[in-house]
Amino acid sequence: MLPSTQSQATERQNKDKIRQIVKDHAGLGLALENVSDSTDLYRAGMTSYASVALMIALENEFELEFPDAMLSRSVFESIDSIASAIESLQGV
Amino acid sequence: MSTPVTAIEVPELTASEAFQQALAVAAKHADDVDRTGRFPSEAIDALRSAGAFGWGVPREYGGADAQINALADATLELSRRCAATGMIFAMHQIQIASIVRHQAESTWFRNYLRRVVHERRLIASATSEVGVGGDMRRSIAAIERIPNSPGDLVRFEKKASTISYGAHADDLLTTVRCSPTADPSDQVLILTDFAEMEAEPTGEWDTLGMRGTCSPGFVVRATCPADQILPVPFAVIAAETMVPFSHILWAHVWLGISTEAFGRAQNFVRGQARQNPGTTPPSALRLSELSVRMAEFRALAQGATQEYLSLAQEERRPTLSTIGYAVRINNLKIAASEMTVETCQSALRICGFAGYGNAGPYSVCRHLRDAYSAALMIANDRLHATNAALLLVYREGK
Numbered sequence: 001m002l003p004s005t006q007s008q009a010t011e012r013q014n015k016d017k018i019r020q021i022v023k024d025h026a027g028l029g030l031a032l033e034n035v036s037d038s039t040d041l042y043r044a045g046m047t048s049y050a051s052v053a054l055m056i057a058l059e060n061e062f063e064l065e066f067p068d069a070m071l072s073r074s075v076f077e078s079i080d081s082i083a084s085a086i087e088s089l090q091g092v
Numbered sequence: 093m094s095t096p097v098t099a100i101e102v103p104e105l106t107a108s109e110a111f112q113q114a115l116a117v118a119a120k121h122a123d124d125v126d127r128t129g130r131f132p133s134e135a136i137d138a139l140r141s142a143g144a145f146g147w148g149v150p151r152e153y154g155g156a157d158a159q160i161n162a163l164a165d166a167t168l169e170l171s172r173r174c175a176a177t178g179m180i181f182a183m184h185q186i187q188i189a190s191i192v193r194h195q196a197e198s199t200w201f202r203n204y205l206r207r208v209v210h211e212r213r214l215i216a217s218a219t220s221e222v223g224v225g226g227d228m229r230r231s232i233a234a235i236e237r238i239p240n241s242p243g244d245l246v247r248f249e250k251k252a253s254t255i256s257y258g259a260h261a262d263d264l265l266t267t268v269r270c271s272p273t274a275d276p277s278d279q280v281l282i283l284t285d286f287a288e289m290e291a292e293p294t295g296e297w298d299t300l301g302m303r304g305t306c307s308p309g310f311v312v313r314a315t316c317p318a319d320q321i322l323p324v325p326f327a328v329i330a331a332e333t334m335v336p337f338s339h340i341l342w343a344h345v346w347l348g349i350s351t352e353a354f355g356r357a358q359n360f361v362r363g364q365a366r367q368n369p370g371t372t373p374p375s376a377l378r379l380s381e382l383s384v385r386m387a388e389f390r391a392l393a394q395g396a397t398q399e400y401l402s403l404a405q406e407e408r409r410p411t412l413s414t415i416g417y418a419v420r421i422n423n424l425k426i427a428a429s430e431m432t433v434e435t436c437q438s439a440l441r442i443c444g445f446a447g448y449g450n451a452g453p454y455s456v457c458r459h460l461r462d463a464y465s466a467a468l469m470i471a472n473d474r475l476h477a478t479n480a481a482l483l484l485v486y487r488e489g490k
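So the sequence lines, in the order shown, correspond to chains A and B. Count the first sequence with the numbering used here and you get residues 1 to 92, in order. Count the second sequence with the numbering used here and you get residues 93 to 490, in order.
Calculated directly from the structure, the hints in this document are not laboratory data. Check the hints yourself; a few may be wrong.
Computed footprint of chain A on chain B, listed as stretches where at least three residues anywhere in the stretch have a Cβ under 8 Å from a Cβ of chain A [as the list claims (entries may be wrong)]:
1. 323 to 335
2. 413 to 422
3. 477 to 487
Every residue, glycine too, gets a C-beta built ideally from N, C-alpha and C.
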């Protein structure tokens, strides 16, 4: 597999995992099929409590720790932004 | 730590004759305001004459461009004389900062800021609501767009559980959901003129302390152009400005209350010392202990002010939205609200019955009663619950 396709595959895998965690923990007011990768999760009903549960679940799943500078609203506001934060921590 | 250059230096505002006059007026009427539970109209008029309502407005709109350190200083000095006046000044400046920092070049809000300065307008806020259990970050009331209306009109109705000085302000900044179908946390701020809306008080404000803030519940109804909605989500305004500004300026109200109580205790001890020259009265030891607590209190408030000043600059602003900062700014509120009661209680023990009496130069009754409100304004238990959750992911010191 070429390096670029490999990283694309990792990105897709990551996003699928994130999507499942969002489904289980974000407590959204709408069905997950209506949530795109760029949907603002906070506007879709994710409370700050739910976002903490989401962060913990992500740390468990991806076996990483978010540094303080990343524990902010902008990082957890969409599946896209979460994926790029995780990628930067995984060094992909 | 670097601090931004302010257009007008702190002493220029607080040392101005007009502000000193406002301080004297606040001191003169504080006991009557407290006793009768009335609005401190003399002190607020004096602040209006001093142009203090426009201090937080940037220069380009005619204001003084005062930063949070100058506003904190003014809040402390006012609150030493009359905590209700200090709290009203602080709350007004919190609304101003929320508009200034999040108006995003809106024509309507830029014109409004000019009007605040020229018309010396006082802004109140309606962020509480009956039915949300004290959670400022959720609303039931929602903006409803009126289709095909001239000027794109919107309307809302809100049952606010409290609006401080609501019957005495010119304008009201209200949290509402951005549409009738929006999630409770999908909020915006809307600014309306009291003269163009309905506001019915729903109760009385007859309280233990902070009696002059006159903060009963209200039902408010308004119809206005959609331009009067701040163009940034309330979640951002709350994290970057409203919450830190509130906790820092409130902490200075409480520091002002405690500073005055300490001063009265110190005068009492000095009076005892004068009766027995050459001996240090036993109460002096208690005063020394209290001065340690006051030093901690001041350091706490000043540290938070300096941190905010350094983070408020554009490039460091994202830090304000981190969980770490949320934990720290909540800690400030919890600690300051507890310290103000503890220090006023210590002052009371030093002054004894001279402090327990409602009148006289050593009375700390009003201060103690005012201080008890601190733990209730955004209940400390709610902040502890929030921090308890946030600390599950935030690692202190990392």
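Results for each hint:
Residue count for the segment 323 to 335 of chain B with a Cβ under 8 Å from a Cβ of chain A: 4. That meets the three needed, and the coverage hint holds. Remark: the segment 413 to 422 of chain B is confirmed as covered by chain A, as 4 of its residues place a Cβ nearer than 8 Å to a Cβ of that chain, reaching the required three. Residue count for the segment 477 to 487 of chain B with a Cβ under 8 Å from a Cβ of chain A: 7. That meets the three needed, and the coverage hint holds.
Hint check: no violations occur; every hint is consistent with the structure.
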